[in-house]
Amino acid sequence: MRALAISMLFTGTLLVSPVASAAPVKGADGQTVEIAPPKRVAAINSSLVEILFALGKGGTVVGTDVGGNFPPEQAKIAKVGHPYHPSVEGIISLSPDVVLASQENLDAATAAQLRGARIPVLVLENSSKEGIAGLKRRIDAVARLFDIPEAGQKMTREIDQRLSELNKRIAATKTKPRILFIYAHGPGEAFVYGRDTGVHVLIELVGGQNAADFTTGTKALTAEGMVMAAPDAIIMLNRSLEAVGGVAGALKMPGVALTPAGKNSKIIAVDDTVRWVGPRFPLFADALFTALHANARP
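The sequence shown: position 196 = 196 (my numbering), numbered continuously.
Worth flagging that the hints you see were computed from the coordinates, not collected in a lab. Every residue gets a Cβ at the ideal spot worked out from N, C-alpha and C, and that includes glycine. Only true hints are included.
Quick list of the computed label-pair ranges, beta carbon to beta carbon:
{"no.": "1", "residue 1": "188", "residue 2": "230", "range": "21 to 27 angstroms"}
{"no.": "2", "residue 1": "40", "residue 2": "167", "range": "38 to 44 angstroms"}
{"no.": "3", "residue 1": "294", "residue 2": "209", "range": "16 to 22 angstroms"}
{"no.": "4", "residue 1": "30", "residue 2": "71", "range": "29 to 35 angstroms"}
{"no.": "5", "residue 1": "224", "residue 2": "295", "range": "28 to 34 angstroms"}
{"no.": "6", "residue 1": "258", "residue 2": "34", "range": "52 to 58 angstroms"}
{"no.": "7", "residue 1": "167", "residue 2": "265", "range": "23 to 29 angstroms"}
{"no.": "8", "residue 1": "82", "residue 2": "196", "range": "18 to 24 angstroms"}
{"no.": "9", "residue 1": "112", "residue 2": "223", "range": "41 to 47 angstroms"}
{"no.": "10", "residue 1": "149", "residue 2": "109", "range": "29 to 35 angstroms"}
{"no.": "11", "residue 1": "228", "residue 2": "264", "range": "15 to 21 angstroms"}
{"no.": "12", "residue 1": "71", "residue 2": "133", "range": "22 to 28 angstroms"}
{"no.": "13", "residue 1": "295", "residue 2": "112", "range": "51 to 57 angstroms"}
{"no.": "14", "residue 1": "112", "residue 2": "40", "range": "16 to 22 angstroms"}
In silico lysine-lysine, DSS-like type, Cα no more than 27 angstroms apart, as pairs:
{"no.": "15", "residue 1": "176", "residue 2": "219"}
{"no.": "16", "residue 1": "129", "residue 2": "176"}
{"no.": "17", "residue 1": "129", "residue 2": "219"}
{"no.": "18", "residue 1": "154", "residue 2": "168"}
{"no.": "19", "residue 1": "263", "residue 2": "176"}
{"no.": "20", "residue 1": "76", "residue 2": "39"}
{"no.": "21", "residue 1": "129", "residue 2": "79"}
{"no.": "22", "residue 1": "219", "residue 2": "263"}
{"no.": "23", "residue 1": "39", "residue 2": "79"}
{"no.": "24", "residue 1": "263", "residue 2": "174"}
{"no.": "25", "residue 1": "26", "residue 2": "39"}
{"no.": "26", "residue 1": "129", "residue 2": "26"}
{"no.": "27", "residue 1": "136", "residue 2": "39"}
{"no.": "28", "residue 1": "129", "residue 2": "168"}
{"no.": "29", "residue 1": "136", "residue 2": "154"}
{"no.": "30", "residue 1": "136", "residue 2": "176"}
{"no.": "31", "residue 1": "26", "residue 2": "154"}
{"no.": "32", "residue 1": "219", "residue 2": "252"}
{"no.": "33", "residue 1": "168", "residue 2": "136"}
{"no.": "34", "residue 1": "79", "residue 2": "136"}
{"no.": "35", "residue 1": "26", "residue 2": "136"}
{"no.": "36", "residue 1": "263", "residue 2": "252"}
{"no.": "37", "residue 1": "39", "residue 2": "154"}
{"no.": "38", "residue 1": "129", "residue 2": "154"}
Can you make the complete structure from the sequences, with help from the hints?
Shown next as structure tokens:
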């Protein structure tokens, strides 16, 4: 009987061990996380929160930054500060099984502090790196962390299908509009975004050319810069366009009225999260494409 009990115990251990430990996942910082599928996740980057919800794991998110607005459920999740400066103390207080973040949101020093508190940290690639290809890699990494690789594969197939349909529409237009993104806190404080941003990825997805591709990062908006960029369309976050007083207010910003976009009032609002490439990007691109090719406003 004792031998049978030992045999059953050993067999039971074999049965549960694959559930207790998922495959190791290596982060962009070279550090590997090897834990059981987490039940409590602090996700620093709105696109990662969206990936988790899309994979059916939104219920594991116990903390995130203040940069996200989707899905609506995230509004009830505890916030741990600015997306680029999350609070280490706030994260630790949530006792997460893992911290999930993108490179631009969690620097090496902050990751080290969290690991020093014995919290596993998985740092994924910058959310704008290699656009949709990078997004797929991050989806795959999150799916593997939860040991649900098939769900990740299904998600990437859906993204491919939506973009394939959009590409057919783009091919039919045979145009390449120059598009400029303006980030504004108000009429007197505005910046343009160059390459290496989620916005650049969005512009390319709709078949456009980033009118500020002469730079990386951000630059202060100037009248001279606007005239040089000569965008056919200007895109702004919903909250930025509201902060400057709508399209009428945007036209009063330095140099905007002198551009083709300004003359045609082609100023388009986009989702507040487009700086980070996430699973809704095909939807954002479809909406922007439609707006770009609609008749100019009077």
